[in-house]
Amino acid sequence: MRQRSRQNEQAPWAPYCQTQRRIHRICAFPVPPLLGLPRYTVEWRCPLPPLCTMSGGLLKALRSDSYVELSQYRDQHFRGDNEEQEKLLKKSCTLYVGNLSFYTTEEQIYELFSKSGDIKKIIMGLDKMKKTACGFCFVEYYSRADAENAMRYINGTRLDDRIIRTDWDAGFKEGRQYGRGRSGGQVRDEYRQDYDAGRGGYGKLAQNQ
Amino acid sequence: MSRRRHSDENDGGQPHKRRKTSDANETEDHLESLICKVGEKSACSLESNLEGLAGVLEADLPNYKSKILRLLCTVARLLPEKLTIYTTLVGLLNARNYNFGGEFVEAMIRQLKESLKSNNYNEAVYLVRRDWYVYAFLSSLPWVGKELYEKKDAEMDRIFASTENYLKRRQKTHVPMLQVWTAEKPHPQEEYLDCLWAQIQKLKKDRWQERHILRPYLAFDSILCEALQHNLPPFTPPPHTEDSVYPMPRVIFRMFDYTDDPEGPVMPGSHSVERFVIEENLHCIIKSHWKERKTCAAQLVSYPGKNKIPLNYHIVEVIFAELFQLPAPPHIDVMYTTLLIELCKLQPGSLPQVLAQATEMLYMRLDTMNTTCVDRFINWFSHHLSNFQFRWSWEDWSDCLTQDPESPKPKFVREVLEKCMRLSYHQRILDFVPPTFSALCPANPTCIYKYGDESSNSLPGHSVALCLAVAFKSKATNDEIFSILKDVPNPNQDDDDDEGFSFNPLKIEVFVQTLLHLAAKSFSHSFSALAKFHEVFKTLAESDEGKLHVLRVMFEVWRNHPQMIAVLVDKMIRTQIVDCAAVANWIFSSELSRDFTRLFVWEILHSTIRKMNKHVLKIQKELEEAKEKLARQHKRRSDDDDRSSDRKDGALEEQIERLQEKVESAQSEQKNLFLVIFQRFIMILTEHLVRCETDGTSVLTPWYKNCIERLQQIFLQHHQIIQQYMVTLENLLFTAELDPHILAVFQQFCALQA
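Each protein sequence line maps, in turn, to chains W and H. Heads up, the first sequence is in our numbering, so the first residue is 14 and it goes up one at a time. Heads up, the second sequence is in our numbering, so the first residue is 4 and it goes up one at a time.
Just chain W, same shape as in the assembly (with noise of 0.2 angstroms):
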């Protein structure tokens, strides 16, 4: 069937940069790690190897579902052990939302959240002081697999404009929803160096300079 033919048309869906920050430091503030870890350690997903040279071969490959792993992340405040952390985190159905824009809007998580299933409760991530948006969030399904679908599918991907990271999450607690950064919002938004118009401009220390 004869088309229009888009050959020669610039790509319109190619991959772009936004002028965001990319996360992939560890937190700068020197803090003595309780589990090892740095306080706040971000991870970026890293482009899996080809399939040849993974260890273990295809067939572990096929039955493989890395997305849907713990992070290396543990809340600090968490009131339990490691491993009381990590049976809760295996079975959450909670997620963490991070690098959101603090414009970005409960009904828009909403909409993008539910494509993996019904979503039971959001609740925003808020600057301690101000009471406003500090770019994260918590979703909560009824189902784990709705969550792990979440993890699989939507993690990585853009909300406004921004690729955002899940991560599973122990589950709400009263106060979880509030920036543990000394000024407020969340720690990461204190150190930064960089320009982020979704996230309040430049990171507090270096406004403060």
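Among the hints, erroneous ones may be present.
Quick list of in silico lysine-lysine cross-link-like pairs, DSSO-like style, CA-CA up to 30 angstroms [said to hold, decoys possible]:
1. H:LYS614 to W:LYS133
2. W:LYS186 to H:LYS44
3. H:LYS44 to H:LYS290
4. H:LYS149 to W:LYS103
5. W:LYS100 to H:LYS632
6. H:LYS638 to H:LYS674
7. W:LYS133 to H:LYS44
8. H:LYS632 to W:LYS103
9. H:LYS617 to W:LYS134
Since the hints were derived computationally from the structure, they do not count as laboratory data.
Starting from the known structure of chain W, arrange chain H on it as the hints suggest.
Frame of chain W; chain H shown alone:
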């Protein structure tokens, strides 16, 4: 062996034994790796790799035979796209070790039997029993047809003749229900067996010349011919049992042909067996790696033979085939969106153009596209755009601006823009949409409060509304709200008989309008409001009319914000302010007739049905668990002979009885929901058909096409539940007196279940 390993770790014991165990593991891993990797890109030729591997495996047979057997059976099952590589390997091994060849054949037959018994039809390859056996036969032919014909042509001809007879006699009433497009042009949507039959016939006419499948065994012809053969043991397929489940029939989705990529390699024709093989293999890759989107994308783009075929076109076609598959895609919709994004990242110079071309083609064929598929297209396209800054050449679609706004193309654009807005915000849409398209832009999702301005002074209940607003803002309790509402007159009642709270639409109106208006700031605010004043809601919405009116008023307040309507309906069902039947009746009510064809309405209805289904399953599960608990207690009692558990039994038996009642009640509610929905569909469709007959106008308006396909959608999406009601539906609703247009949908559905 494992015991030895533990003692080694604990007492740091005999080092040489420990080394041997870990060596054995290493070797097994190494073997697995070798077997899996053969066929992948390598410095040496495939033939020499196969020879080398056969030699290695032969040497390891004495120590690792069972592991090797298991590995080979598993790869044959899970990596069908590399089938011929592994059959060659086994052939070579058989030439070197006849006994191993025999054991392999036995193991494979055993595996096939087990797969069939456990209904793993997808791994043994699919469908409704007789259809399935025909499919199994035909689909194996691209690989082995030539050999079979060379050796057993008389038998083959016989099987072919009986297959042809069977296919001619088959009923195909169900096919229109599964087609993505109702038009035959440009690509017919063939039933899968018909398509395969045509492909195999062409292959036969071409004397079994099939060029696409890799056949490394040809290089080893001399060795393999010399080797001794094994006889296949007789194979009796397991009989059909009540539990046997066969996957649903399907229609082959085609959207491209060789004219769509004039500059690249030629796309194999729709009835060529190469097309069949490529599609099968690409579907297999998705099936293997659906959980790992990056791996899946990488495997798709590195499909062997990609220089001879327009691979990007095949990939896009296969992905859309799955996304648009009826009744449901094999995997969750969002997986396909993310997979396509990964593919765009992997091949930024070529894949996005093919995807854009595909989008364009799908748009052009919207007029004949099945409504359910259009829904998925809307959701995919809007989500995809939101990942690429909503970049699209909307002007290319200006043709839709001059069409009847209810026709498929402008409707599609409107729905896409509405979904784009939900993922961003209203001004964003106005910014990227060209001014000519402004009529198709969604409304600003603001709240409409009828008691808000001065002109509302004259409205009945206005003063109560103001009073309520003050009360809400000063954190009133439910009781305080009740007392304010007591003063609201009931427009439906003539006498002053105001005992209790019988259905009073005005009370509902002032309460719901005012509360929702004050809580309009966000979903969380609205949910809080529903929770805080749950008692008032429950009381006002006690009767069926009350429930309907609550929904009506909520809709009046939020008619600009369909997303809010959807989440409020969801919350109201979950907190039992309204029930599912009320939502169904509301959707078919006259207030919603203007919005009846809008996507959000059907999303609400299907979400409601799903909640009902999940509720029934949940209680059924509780009942099962309680019964199991009782059975375990009985067993313990017979083991222990403990009298005290009599009491425990009593409590548990009571619980089971209660749960049994709960299950029956829930199942009855579920059946009632479907009956209400079907009844309303029949009413609304009959009304339209009668009106068209008296007016002498054509029945096939855009509204009608939408409505009849929505009815089909109910059948398809919930076919497993509806199956239970077939007798009731046939005797009560879909009787012979019904208009043939409507009855046809029911009959197609019945054909699908047969």
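Now for the hints, and whether the structure bears them out:
1. The hinted pair formed by H:LYS614 and W:LYS133 meets the criterion: a straight-line CA distance of about 13 angstroms does not exceed 30 angstroms.
2. Note on W:LYS186 and H:LYS44: the hinted pairing is violated, with a Cα-Cα distance of about 51 angstroms set against a maximum of 30 angstroms.
3. For the hint linking H:LYS44 to H:LYS290, the alpha-carbon distance of about 22 angstroms falls within 30 angstroms, and the restraint holds.
4. With a C-alpha separation of about 52 angstroms, the suggested pair H:LYS149 and W:LYS103 falls outside the 30 angstroms cut-off, and the hint is violated.
5. A hinted pair counts as satisfied when its Cα atoms are at most 30 angstroms apart, and W:LYS100 with H:LYS632 qualifies at roughly 26 angstroms.
6. Using a Cα cut-off of 30 angstroms, the hinted pair H:LYS638 and H:LYS674 is violated, with the two alpha carbons roughly 36 angstroms apart.
7. Between W:LYS133 and H:LYS44, the direct Cα distance comes to roughly 47 angstroms. Violation of the 30 angstroms bound is thereby established for this hinted pair.
8. The straight-line distance between the Cα atoms of H:LYS632 and W:LYS103 is roughly 26 angstroms, inside the 30 angstroms bound, and the hint therefore holds.
9. Proximity of H:LYS617 to W:LYS134 is assessed by CA-CA distance (about 18 angstroms); at most 30 angstroms being required, the pair is judged to hold.
This entry does not satisfy hints 2, 4, 6, 7, going by the numbered hints stated previously.
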